[in-house]
Structure formats: C-alpha cells, structure tokens
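Each protein sequence line maps, in turn, to chains A and B. So for the first sequence, our numbering puts the first residue at 8; every next one is plus one. So for the second sequence, our numbering puts the first residue at 746; every next one is plus one.
Honestly, the hints are just simulated from the structure, not real lab data. Hints should not be assumed to be uniformly reliable.
Said to hold, decoys possible - Listed next, the stretches of chain A that the computed footprint assigns to chain B, with coverage defined by at least 3 CB atoms under 8 Å from CB atoms of chain B: (1) 104-118; (2) 128-136; (3) 218-227; (4) 251-261; (5) 267-278.
Stated by the list, open to error - Restraint ranges, calculated between C-beta atoms of paired labels, are given here: (6) B:Asp940 with A:Ile111: 37 to 43 Å; (7) A:Ile281 with B:Ser1022: 29 to 35 Å; (8) B:Asp940 with A:Ile102: 36 to 42 Å; (9) B:Ile825 with A:Val228: 46 to 52 Å.
Fair warning: this is a prediction, and the values are worked out from it, not measured in the lab. Where a beta carbon is used, it is the ideal one built from N, C-alpha and C, also for glycine.
Each chain, letter by letter, is given below.
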Amino acid sequence: MSRAIVFSSLLALISLGLTLTYLTTKVPNFAHGAFVAVGAYVTLTAVEIWQTNPYIFLIVAFIVGGLTALTQYIIVFKPLMRKGSTVVGLMITTIAIEFILLAIINIYADYLSRTFKIRSRYFLLSSYDLSIGGQRGLLFIAPVLTACTVILLYLILTKTKFGVAMRAAIESPSLASVVGININMVYAVSWFISGGLGALSGALLPLWFPGNPDMGSRMIVSAFAASIIGGQLSIYGAVLGGFVIGLAELLGTSTLASWFGAGVIPYRPLVPLIAIVITLLVAPKGLMGINWNKLLKSLRKRVSKNSLQARSDVQ
Amino acid sequence: MSNPGSSKLIALLIIGLVIGAGAGYVLGGQPFAGWYSPEEYQTAAAAEIAAAAAAAAVAAEAARTAMIGAGFESPVTSSITGTVKLGGLFCFTGALATFGENEFEAAQLAVTHVNAFLDAAGYSWDLAIEAEDTALGAGGDALEALESLYARGIKLIIGPLASSEVRAIKGYCDQEKILAISQSSTAPDLAIAGDYIYRFCPSDKNGQGPALGRILAISGIKYVIPVTRNDAWGTGLEAAVKLRFESLGGTFLEGILYAETATEFSLEASDLATKVSNAIALYGTDEVAVLHISFEEVTAFFTAAAAYDILDDIKWFGSDGTAQSGAMTENPTVAAFAAAVDYPCTIFAPAKSAKFEMVRQNGQTVLGRDPDSYSYSVYDIVWCYALSICMGDSIDVTDVRDNMLAPGVLTNYFGASGSIDLDANGDRKAGDYFIWEITEADGEYSWTLAGTWILSTDTVMWE
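The following block holds chain B by itself, in its conformation from the complex (with noise of 0.2 Å):
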C-alpha cells in the first residue's frame, strides 16, 4: 500500500528542485527584487576602466587582434578533434579566495583568445577549464581535487596556488605522470629537477627572499621579528628571507609562528605586543621591524593588531601573500593600520605590456579589481599549454611538456607576464618584484606601487 506522507515529499521535492533550477536560471546574474542593481554598483567602475583604457591608449580589442592573427591563408591541419580539457585547481573558496577568482577570471579570458585563434588558424579542436575548488584552510583538499580531474581523464592542470597544495599533489603527479604548473607557488623546497611540478613564479629563494632581505636592510632595520604562517610557503620564505637579512647584518629575533588554519588572532596579537615592547626597550623604535608573512587572514591579525598601540610604533613588511589585496583596503580599520605602520610588500613583477593590460582591464571589468601579479601567469600557461598542443599536435603529457620546454614554446613565447625562462629545476627564473603599499588619499585606502628591487642590481627603485 502506498504511503501517501512520502509521496508528498516525494512530490515536494520535485516541486522544490523545479522551482530551484527555474529561479537559478531566471536569477543567474540579477538581483533579487527590490535591492540595487548591479548595474548601479558597476557604472562607477565602468567608468573607471573606460579612464584607464584611455590612459593607457590601448583598445583591447586592438592587442587581442594582434595577438590572435587575423587569419591564416591556408588553414592548418591537425588530428586532434574536439574539446582538449585543462583541469583548473584554484582556491575559490578559503583563505586564498580573493587570488583564486583573479587567476580563474584570467585562466577564462586566455581560454577565449585561444579558442578565437584556434578557430582562425582552422583547427577543429577547442579547449575548455574544468576548475575544482582546492578550499585552502576551508576544509579543501588539492589533491582530491586532482584526483577528481585525473578521473576524468585530464593530465594537464593549471595550479594549484599554493606551496601547501603543490606539496601535497606532486607525488600523485610524478606518479601518474600529470603535469601541473603553478602560477603561484614559491616555497624553495619545491625546486626539484627532472619532476612534473612546473612553476612560472620563481621560487622565494632566488626571488623574493633576497628581495626582502634587501628591502629590510635598505630600511635601516637591524632586528625582525617574523610572524609566519606555518606551512609550506611560509617557512619557506621566513628561511629565504633570514638567510639574506642575516648575511647583511641583519638579525631575526624569536618569532611567531601560527596555525595555517587559524582565524582569530587576538592570542597572537598580545604575544606580539609583549615581544615587540621588548625589543625597542633593547634596540628602539627605528630597528625593529615585523616581517608578516601571511594570506588573507591579515585582515583578522591586523585588526587584533589595530588594539595595541605599541605595534604601530614599528614598521611591518609584507610579501606577496597580501600584496594588492582587496580585502585590506576594503576594511577601514585593516587599512588604516596598514597605512600606519607602511608595510610594503613583494610580489613577482610581471613584465607590462599591452597582453598585461588586458588581462588587467578583465580584472575590473569582471571582478572590479585588479588582478594579483599572478593572474598574469595563469593567462600565459593556458596559452603555453595550447601552444604546444598545437606544436606537437599531441595532447600526450610528455610530448606537450617536451615541446613547452626550450627550444620549445617557452623560448619565443612572450605573455601577459612577459618572457618566461625556466631554470633547471622548472621554475621561473627570477625578476624583479614590486613593492606596494597602502596609501590613504582623501580618506579612501589603496594599493600605490611605492617601488620595484631590481634583480639584477640588487637594489631598490623607489617611486
């Protein structure tokens, strides 16, 4: 005999998921009745990009036609057909979110040039991202994430962002033979020879430690106290950056060293303030400095920070966990302790050119913001993957990595982040970075470019 209770839910289950996928798909991109518009969110922007087009005087459309072709008189021939998928690990969700929607916004953008030049050059495959959400700090896992994507039978992978997360799929790579890169790891542990981890970022040991080392030293500061993030890419850099602050003199003094997954810092805070009234009780207010190297949970410990004056006393530096972040300038009270206390901080100097400019104006038009310097990298390794598809006509991991490395696509090859040259460990060769900082103007908190250290002088270019 048939229940007539579960019939009724059977029944208003059905209902509730027709209504649902109706409301989604009438709703997808509106807002709900009776709150603004977006539309009136993104005008103020619009007209900001428009401003910036201008004064850059480059038409997009203009430099994505130049980059794509034209046309080809003669189309190509290939044997590949159909859709040839990348598998994206981006961190949409967790402690790296802000970044993951910038590279997976940039990772789309590149999709669709390569697929207008693949139509124009007569090749009858496309490519498509299936992008898994690697949740970093939120409970994610990268290495299900790829797991999922090698299911599906894709081999060539964009990402993941993080030391932590490269760390914990390179196994699965060197064994089954996938090749991943990384846009955006750093850690120097990861720089191995001969594996399939491949990073067009340079790694901190050559790139970002002794930039900071340096930047530290030019500053007057003799003694730094570093609040670390504990995994992988934190150590890392805290290393790099105290191997060369120290081989100029320099010294680090006990530190902190926090919980990855922590999001409340007010414990931390008061040991810093402890730590920091001792040490200018010692050495005085214009040698010590904190060296913060940190994601986006900076927004919590500056606001612990924000209740102690004593930590404001100092200078911070940053690196390029927060740099360009939105999330600081956005709260009032994050920024105006950021303000207060400098912090400049490093991140990889993408070389700037028109294919940069594009991807910057997707940024703010899409998202509202600029993209991290990262989102420049992300862009160029859909493109280097495409190419070298193209290149060997072969979609077979080795032949795609044989034919990206030099004399391969990569030697040619100049993107959005400019030339990439890999050393012998397949990470990006190191360049100089920029410093930011943020500034306050008429009440309103940004990210001013206060800075570049130049790599091959080992010294600083302020603004």
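Bound conformation, chain A alone (with noise of 0.2 Å):
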C-alpha cells in the first residue's frame, strides 16, 4: 500500500505537468518523461557529489527540470507554431527531442560514472530517504508535496492576475491576445512549469524506485493514462487520474495476482493501456469531464423508479 500511494503521487504530478503543456498548445508531449530523467540525475547529483539531502535540492530539480522545458519551448515549439506546424507535426517532433534528451542524459550518467566513479545507472538513492515515525519519509512528503503542489497551481490560477491570463489564454488564445495578453509568455511559463513538475517527480522517484536514464519514458503510458482519465483538459483531473492509475496498476495487479497468480504480474503494464481504452470509449472527457450531477439525478431516477416497479409488482 505504501508503495502504490508513493508510486501514485509521483504520477500526479507527472501527469499535471504532461496536462498542463497539452492545455496550453495542444500538444501532447512525448519528450515528458525526459524531463522526469532530468529531475533523477539532479538529485543522484546532489547526493553523490554535493552530499546533501536530495529534498534540499527539489528546487533546484524544480527550475534544472523547467528551464529544459522552457528550452524546448523556445526553440523548437515557438518557431514551428509560427510557422503554422500541424498537431501532428509538433507530437512527432516532441518524439524526436525524446530521443535527443535521452541521449544528453546518458552522456551526463556517462561523465558521473567515469569522472566521479559513482554509479549512474540503476541507482537507488532509499538510503538517503529521511525517517519520520519508523517509517520511509517519502511515504509522508510525496501526497503532501503533491498536495501542496495542487493548492498552489489553484491560487494561482484563481488569485494571481498572471493565473487569470493563463486561463483566458487556454479558454482562447485569440481572444485573450486581443486583450493584450502575452500568450507566448503564458506559454513559455506554462512548459517551464510543467518541466518543473516532471523533473520534481523525477527529484523523488529515485528515493524509492530505480533510477535511469530512461526511467521517464518508462513511465510515459501511465502519465498519459492518467492524464486521459482524469480528463486532458483539467489539471486537477491528472491528479485523480495520477492516483487511479497508479492504484490500479499496484493494488489491482496485486489482487488480481492473488486470484489468478504471479503470472499475472508481468502484465502489469497493461493496466493503464486498458484503462485508456476504457476511458476513451466510455467517458472521452475523463472523470472530469463527467456530468456527475446529470449522472447521478439519472441514477436516482431509475432507483425511484425501479422501486415504484417492484412495489406495484407486489400489490
């Protein structure tokens, strides 16, 4: 249990950051679990090198993890929206800075192996987790962190002047540019933001799950999933959606291993790809996008009725 609510924190803010950069231009973004990398090989730097705590640097990871994205905004996706680039366009070249910043990751791992003769691939840094109660701080700070993470992003969209332009520039980029507002600016913060997100995802994981240079992009499907089911436009249905996922994929695998047996672990992956597929079919929008007052006045309505059926059955 304490691994799926660790496990499921860190895919919410994952999939926030992923939400957050598909609200804003539209695009969903391959090169994501780069950033996650980013945020690992930050902390495995910081504790190997610097020595230190690795919740010292979560800002660092924070703004390393955000500038690579504001980066990758500048210039690769400011220019092609210029030009007019198509969705597709821009989802595919997102698959090709995947493949450039994954390469960048494995030189960094590379330069820490050979020059300070640490381990830079597979490592676990649990050894470095703080204890709070007997048990693994992570366990405590990730739901917090998230949490946190939440209500700030909330204040800042609803109480910040800048919160409010970056809503009306989601809602309508033309419109809110008539206004006067900075839609490229609104952009750029958005991905920084969103780089941010993942690389403190990625700060933390390495805490309690192997670390890699490809440990993002392995968990690419699952932030997707999550993002899908939550909702793709709403940032706090990519928490919910972050915390189904990763609870089905350990504790429902989990069950389903005691009925069926181990051999159904292996499948594990699976989970989040059927969860999309359901979502897709049944609720396009996700959870968010649901009519839960709709949803539920029809639900009474069949009970009542139901109900009316079986008593006049009976008289």
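Using the hints, build the complex out of the two chains.
Here it is as structure tokens:
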C-alpha cells in the first residue's frame, strides 16, 4: 500500500505537468518523460557529489527541469507553431526531442560514472531518505507535496493576475491576445512549470524506485493514461487520474495476482493501456468531463422507478 | 526574402554547437567549478590500489613487459596494414551496465597491450575496438548494434554479454559469417556446435547449474522457491539448477518468473512473501531457500523484499548475474538484506595470475572497483583475436577462427582468465566457481569470497 501511495503521488505530479502542456499548446508532449529523468539526475548529483539531502535540492530540480522544458518550447515549439505546424507534426517533434534529451542524459550519466566513479545507472537512493515515525519519509512527503502543488496551482490560477491570464489564454488564445495578454509568455511559463513538475517527481523517484536515463520514458504511458482518465483538459483531473492509475497498477494487479497467481504480474503495464481504452470509449472527456450531477440524478430516477415498479408488482 | 527569425535560429544553433563542443572539450574529465574534484574521490582509491599492489607483490608494469615481450631481434613481416577493427557489443546502459563498463575497460586495456606487442614485434598494423551499446533492458537492440558494426565492415565481434542478446544475433552471425565471442553468455540452449558463436565462459548446464545445485544441497536446503528473470539466461540457469538439485533429492516449489524489463517489484515481493510463509509453515525455515536469478535489478527487488520480515527468515542464493555487483554494496538497505539472508552468489572462477592482477588493478584505477569475472575473459578475447590474426596473417573470419581453435592459439594461450579450453560446442569447458557473499564489517558492506565449488570433486571448499 505504501508503494502504491508513493507511486500514485509522483505519477500525479508527472501527469499534472503533461496535462499543463496539452492545455496550453494542445500537443501531447512525448518528451515529458525526459524531464523526469532530468530531476532524477539532479538528485543523484546532489546526493553523491555534494553529499546533501535530496529534499534540499528539490527546488534546483524544479528549476533545471523547467529550464529544459522552456528551452524545448523556445527553440523548437515556438518557431514551429509560428510556421503553422500541425498538431501531428508537433507531436512527432516531441518524440525526436525525447531521443535527444535521452542521449544528453546518457552522456551525463557516463560523465558521472567516469569522472566521479559513482553508479549512474540503475541507482537507488533509498538510503538517503528521511525517517518519519519509523517509516520512510517519502511515504508522507510525496502525497503532501502533490497536495501542496495542486493547492498552489489553484491559488496561482484563480487568485493571481497571471493565473487568470493563463486561464484566458487556455480558453481562447486569439481573444486573450486581443485583450493584451502575452500568449507566448503564458505558454512559456506553463512549459516551465510543466517541466519543473516532471523534474520534481523525478527528483523523488530514485528514493523509492531505481533511477535510470530511461526511467521517465518507462512511465510515460502511465502518465498519459492518468491524464486521459482524469480529463486531458483538467489539471485537477490529472491528479485524480494519477491516483487512479497508480493504485490500479499496484493494488489492482496485486489483487489479480492473489486470485490468479503470480503469472499476471508481468501484465501490469497493460493496466494503463486498458484504462485508456475504457476511458476513451465510455467517457472520452475523462472523469472531470463527466456531468456527475446529471449522472446522479439519472441514477436516482432509475432507482426510484425500479422501486415503484417493485411496489406495484407486490400490490 | 530572407526570414530574420530563421536566420536568428540558425545562428543560435551554430553558436550553441560551438559552445557545447568547446565546453565538452574543456570539461572532458573536469568537474564543474565548486564541486569536489575527482582527485579527492580518487585519492582513497589510489591508496587502496597501491596497498593492494604491494600486498600482491606484483608490479603491473613488470607483468605487462613480461607478457608483451621486450622486443624482437628481427621484425616479422605481415601483409596486413592499417588498423584492424574489432566490434564490441557492450551493455553500457541497461540491466548490465556495471558489467558493460567493467568489460569495456578490460577490452581497452587489452588493446593497449596488444598494440604495444604489435609495435615491439614490428607489425605494421594495429588494433582498435568500435563499441556499440546494446542497452539490455533499456530499449536497446543487440542485433541492430551488430548490423551497424557489420555495415562498417567489422566481422570480428567481442560480446555480447547476455544470452538473450547472443540469441538475437546468432542467426545473423551464422548467415553473414560474423565471428562473435561472448565473455558471459551461459544459457545451455545456446551450446550449439558448428556455429559462429563462441563463448569464453562455461555453459550453465555444465558449470553453474551443477555448482548451484550442489551448493544448495550441501547447505541443507531441501525446498527451493525460484525467483527468475524471464530471459534465455534466467530460465536456462533455473532449469540447470533444478535438474541437479532434484537429482540430489531436493524439490523445486512454485516460483516467480518476472519480466526482464521490470524495474519495480512490490507485487513480486508480496507474492514471494506469501509463498515463503506457506513453505515455512510446511517445512520450516532451515530447509527452505529462495534461488534468486537476476541481474542488477536485484537492488529494486531487495528493496521491496526488505519490507517483509518473513523474507529474511530463510536463506537466499544468487548467481553470476549479481555476484560482486557494486550496486548491491553501495545501497545500505540492499546490502543489509543480502547480508541477513547470506545470499551466496556463484560466478566463474578465473585462474589468478599476474595477468589477472593487472586487469583487476586496471578496473580499480579506471572505475574504482574490481572488475567482474567476465572482464578477464574479455581481455583474453581481444588477445586471442590478435594472436589468431598474427598466426594466419589474415583477418578473414574463417582463417581467424581456424587459427584460434585447437591446435591454434587457444592451445598454448594462458590469459587473464587462465587457460581457455573449448568444448565441441565452442563453449569454454566447465571449471571451478567462486562463491561470493556480502558481509558487514564496521558498518561497511563488501563482497567476500566465501568459498569455491571445485568441479573435479563436486565439493565446496569454504574459506
């Protein structure tokens, strides 16, 4: 259960960043996993080279991840969007960027290994975690960090001028630019935040799961599933989706394994894929896109209709 | 009309490339300002190396000189000129990254020594390695890497490491007549005569399988729960151990087969805890053991397993996939769990000699750790290729292969891993196996040689 909570919390952060870029530029960013790996290597550097606690370097990881995403936006996306590139074209570009970032991270991992003689692949930093009440610190810190991030984002988006401008730009970029909102600035900041959130999650992942240059790429399917389940146009849905997918992957597979044997465990990666299919078929706008009031009303109507029918049958 | 925006972009790209290249050149091997210098990290290692060299009473330079020769009175003549390239399929990233790094450094050391020998002997060619990353378990493709080497005209290959990778390239090698010598592929089903794959390590069917089966029996274990990596090597080794163990009266219980791409094992650990609990209830703790056949994903598995108290109530056994793994001793949680369950791991035992010590010291100098047993085989693979080329004055694959096999180079060659005697399938004949365990001393965890399984007597000599 503890691993499920940690995994879900960190997955929620990743999918939150992914949804943010989709909200603004309407492009699913396949390079988002690389930001996760960037965060992990910031933590590795801090812990092994500077011998500091990994939690102190979270802000550095956020900034480095944010700058990486911002660079991607400024150098690649902005010019391509200005030239009128299609969504499909931009999506394919993100795949190319993912390869480039993965190569850069691998080069950095080689540099760490050769120069500082530290393990830079399949590294596990669990021994650097804090202990809180006899339990590993990340068990408490991960969900708290996710909650704080959501609250902070809510405050920024609803209580600040910039946040309101961002929401306006998301709703209608053309109208927002007419009223004087700098759309490019809004997009740039949202990409920065997106990359930062990915890196934030990546900075904590090696405290529980092995770190590797491709660790983010391995989680990208789960992140997309979380984003789709929650609702691709809702950042709160992304968090909800993260917990749904994270718990389903770990607890759901564990339950199935207890019923059908350990042979189902290797099929764990199917869980997010099946979730994507079901969501797109049943509720394409995700959980946050469902009109719950209407659904509850129709369910109540059906229940009362059935009970009336049952009473009349008895009479 | 030129677009000022795209001109700026191109200019920025060029500037970025120039800065990046310059930074890479300047920083190559240099830490960023304000960080601890590499020397500070290497000072302690250098002291240990010096102490080890003194203790072993081996002068690396003397050994090198003795091996390569002091020179020839009259230079040999050879029709080969230029650089002869060997292809290296190493796992630099992925589940065997530590082993890949170790073995690449051993190969580089061999190339240095070979070239010194060739120069002293008057040959007008030299040797070089072109390495490709097979990235086992990290999205890599050994066959693709091999095709890339073959496209450059390279047909003499070192590696690959893993049996699954050997299986992937075998058909292509046989078809295109590419000679590949693997230092560490041990899967029994790849012991095939007449193909273009040779292995300078014993097959698990004849070596590690019987060794582990005997070690389990000697340790008083009667019931084994296998936890196996689902690839050619893992399943082959499990089958070999099971065959031997059951012939000695033991029983294999239902185990766990996990995907080779898995990196998170909470589900497997939970399931294993249930199985172990049931087994202990039936048979007691002394007669039940876990046989864990894994690569370096063992760190993630042990981290998950450490959460279950019942899992350290019984003994665990490992294999060459984890023996001497630096990843385990560097993580206190993993090391503590391994020490608690003993976790004896077998690995092929190279014969110790001055050449062995030279390769070991090189590993310490370059990477700060002792290389794994298969690094010594890599060193020998490079030398065997070079000597075979010299013998036949030819880089043709068939000539190199024929000159290498008995009564060729291998007949008299004694290398860093000892004598290399191949069986009819082109695999090294079985030998002794070291048994390594993680032990704790003064709060530090390290691999300690616990014993050796002796092939000739099928017994274990404990340290």
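Cβ separation of Asp940 (chain B) and Ile111 (chain A), checked against the hinted range 37 to 43 Å: Holds: the Cβ-Cβ distance is about 39 Å, inside 37 to 43 Å.
8 Å C-beta test of the stretch 267-278 of chain A against chain B, three or more residues: That given contact holds, which follows from 5 residues of the stretch 267-278 of chain A lying within Cβ reach (below 8 Å) of chain B.
Given coverage of the stretch 218-227 of chain A by chain B, tested with a Cβ cutoff of 8 Å and a minimum of 3 residues: With 6 residues in contact (Cβ-Cβ under 8 Å with chain B), the coverage given for the stretch 218-227 of chain A holds.
Coverage claim, chain B over the stretch 251-261 of chain A, checked by counting residues with Cβ within 8 Å (three needed): It holds, with 3 qualifying residues against the three required.
Given coverage of the stretch 128-136 of chain A by chain B, tested with a Cβ cutoff of 8 Å and a minimum of 3 residues: holds (count 6)
Cβ separation of Ile825 (chain B) and Val228 (chain A), checked against the hinted range 46 to 52 Å: holds (51 Å)
Range hint 36 to 42 Å (beta carbons of Asp940 (chain B) and Ile102 (chain A)) holds or violated: Holds - the Cβ-Cβ distance for Asp940 (chain B) and Ile102 (chain A), about 38 Å, lies within 36 to 42 Å.
Ser1022 (chain B) and Ile281 (chain A) - C-beta distance against the hinted 29 to 35 Å: This hint holds: roughly 31 Å between Cβ atoms.
Assertion that chain B covers the stretch 104-118 of chain A - criterion: three or more residues, beta-carbon distance below 8 Å: holds (count 3)
Checked against the numbered hints above, the structure violates none of them.
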